[in-house]
Amino acid sequence: MTRIDAKFAALKAEGKKAFVAYIMAGDPDLETSLELMKGMPGAGVDVIELGLPFTDPMADGPTIQAAGQRALDGGQTLQKTLDMARAFRETDTTTPIVLMGYYNPIYNRGVDRFLQDAREAGIDGLIVVDLPPEEDAELCIPARAAGLNFIRLATPTTDDKRLPRVLQNTSGFVYYVSVTGITGGQAAQAGEVGPEVARIKAATDLPVIVGFGITTPDAARTIASVADGCVVGSAIVKLVGEGRPVPEILTQIAALAAGAHSA
Amino acid sequence: MAEDLLNSYMTAPDENGRFGIHGGRFVSETLMPLILELEAQYEHAKTDPTFWAEMDLLWRDYVGRPSPLYFAPRMTEELGGAKVYLKREELNHTGAHKINNVLGQILLARRMGKTRIIAETGAGQHGVATATVCAKFGLKCIVYMGATDVERQAPNVFRMRLLGAEVVPVTSGRGTLKDAMNDALRDWVTNVRDTFYCIGTVAGPAPYPAMVRDFQSIIGRETRWQLEAHEGEGRLPDTIIAAVGGGSNAMGLFHPFLDDKSVRIIGVEAGGHGVDDRMEHCASLTGGRPGVLHGNRTYLLQDEDGQILEGHSISAGLDYPGIGPEHSWLHDIGRAEYVSITDAEALDAFQFCCRTEGIIPALESSHALAHMMKIAPDLPKDHIIVLNLSGRGDKDIFTVAKHLGEEMKV
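Top to bottom, those sequences are chains A and Y. According to my numbering, the residues represented by the first sequence are 5 to 267, in order. According to my numbering, the residues represented by the second sequence are 42 to 451, in order.
Isolated chain A, as found in the complex (with noise of 0.2 Å):
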């Protein structure tokens, strides 16, 4: 059981939806990046999602690229990223990290080493985003018998056909991408977001989280309603983006974080 599955399990046991947070590692510097993800679970966070800054992020939208912009023109790197998950290991044991990111800086490294890393660092579980199961042999099985959670994207154009193949190596949580589009973009719809979130808890036993297009307390609340929780980024990384101190973004996590827990 990883620490994904315990968390899960937890909040099962409270009747309780999980609040899924993002923040792009090393933005706008490392110290400021490790500060607010310290205060992360205090503020309600579940699940930490990590983002790994990429030059070409092809699925994020301007918020996500300009924040691994920031990142990589202040020097950070795969290593330092690992380094920060380590730091927050010492101050917290229980609360989940997710690496998110693209596959490149990953593969350069050497999937062997880089699972090894990760999950000495204390990383508990993958979002590749360009890894679509047809790929599974590149990262997704190496993760799984490294004892990581690789979390798979469903979207929109999952199909009743092709869902089986898209759940066949998942672990830890689905994560249902409410829009076809990129991240930051259009609102997600709970009247959509509902069905889609149903027709995939009918095909698995695992979490359903959404995300994508959740950027306000209420938008929180009533998109966690319709599954086993939710996830925000843009939303919290133009804080960081505009330069707020980190006491004032975990304020606005800690609302978000309400919204999902109050659904």
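Since the hints were derived computationally from the structure, they do not count as laboratory data. We treat Cβ as the ideally placed atom computed from N, Cα and C, and that holds for glycine. Don't take each hint at face value.
Unchecked claim - Examples of chain Y residues toward chain A, derived with CB under 7 Å:
(1) Phe-67
(2) Glu-70
(3) Thr-71
(4) Thr-117
(5) Asn-223
(6) Arg-227
(7) Thr-231
(8) Val-333
(9) Asp-346
Got chain A; can you put chain Y on it based on the hints?
Here is chain Y on its own, set in the frame of chain A:
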């Protein structure tokens, strides 16, 4: 027959879109069903005679194919060695080989009922070709172009707008061709139902590399019969040469010759200011290493942490940090050789072609010319070189003038 197939270089990619370790389908889940549908539709069209009958007619009457295979007498004489033939792709409608592929993809888009076409462009040649074919068929066309390139290539931007296309300047990232491709992919992922992504080169997720190659292979197929029929030749070329950015004009020339072991195949990459640690070049094969970007694994310019580098080339059409996966594979197995040519060498070759043959070549093609100029003098007089003159250089005269120290106003 079975043994022939096993020994063939022409059967790649495999069912997973792999050329050796290269290629594949590294895209987000949202796009995956679309890519599989495109693959199924293309597999169907590929064996449908009515599809190719329509292509042949358009190639003849709209593009002006076959493009001539021209013996270049003064070039041959000045170099004093091998016989030089130029495959005149620059004479195609819109002035480059790009339209060969665009026609194929747009016919496919029409069959799939897609009404909105998106494309990325660097120098603007693929954008112009896409805007042209969309105008012909009355389709909505959106072209993503790096903001830097929009400024450098003003005449092509105006052409696209005349043809009814919407040109979107891309300011995300560093505002170049790779960023334009990122934004085209973002558009596609957002508008999945009605949109067809018309990729301009032999890269991207499967089936694009093989599909674009198949549409461009008309170049090599024509070259075969043209040289065969050419008075006094009646045989295969000894060497074929083409410039490689993403590599569509090169793949189009190379592919029909892959199994002819006597034919030496040379791809010429953009060496920019020289292939060294400064990374001011776009020579992915000679100066990069395998990685994953834009849907495929291939050689890429990247830093030690796997972040993609920008590269540099005088030629906007070669200014891309990757290369088509089939080229990466041909490089790995040694079936084709890849070399690089600097900006300065390409500029010299550009002028040499103008002066000796009265043809203004594209700066992209000038890279191939420059390497040909290096090897032709030492080859015997009966050695036949075919060079793909992939585009005309009218679009480049401002760039060239600037480098030659001449002031010109657009």
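Hints violated by the structure (listed by number, smallest first): 4
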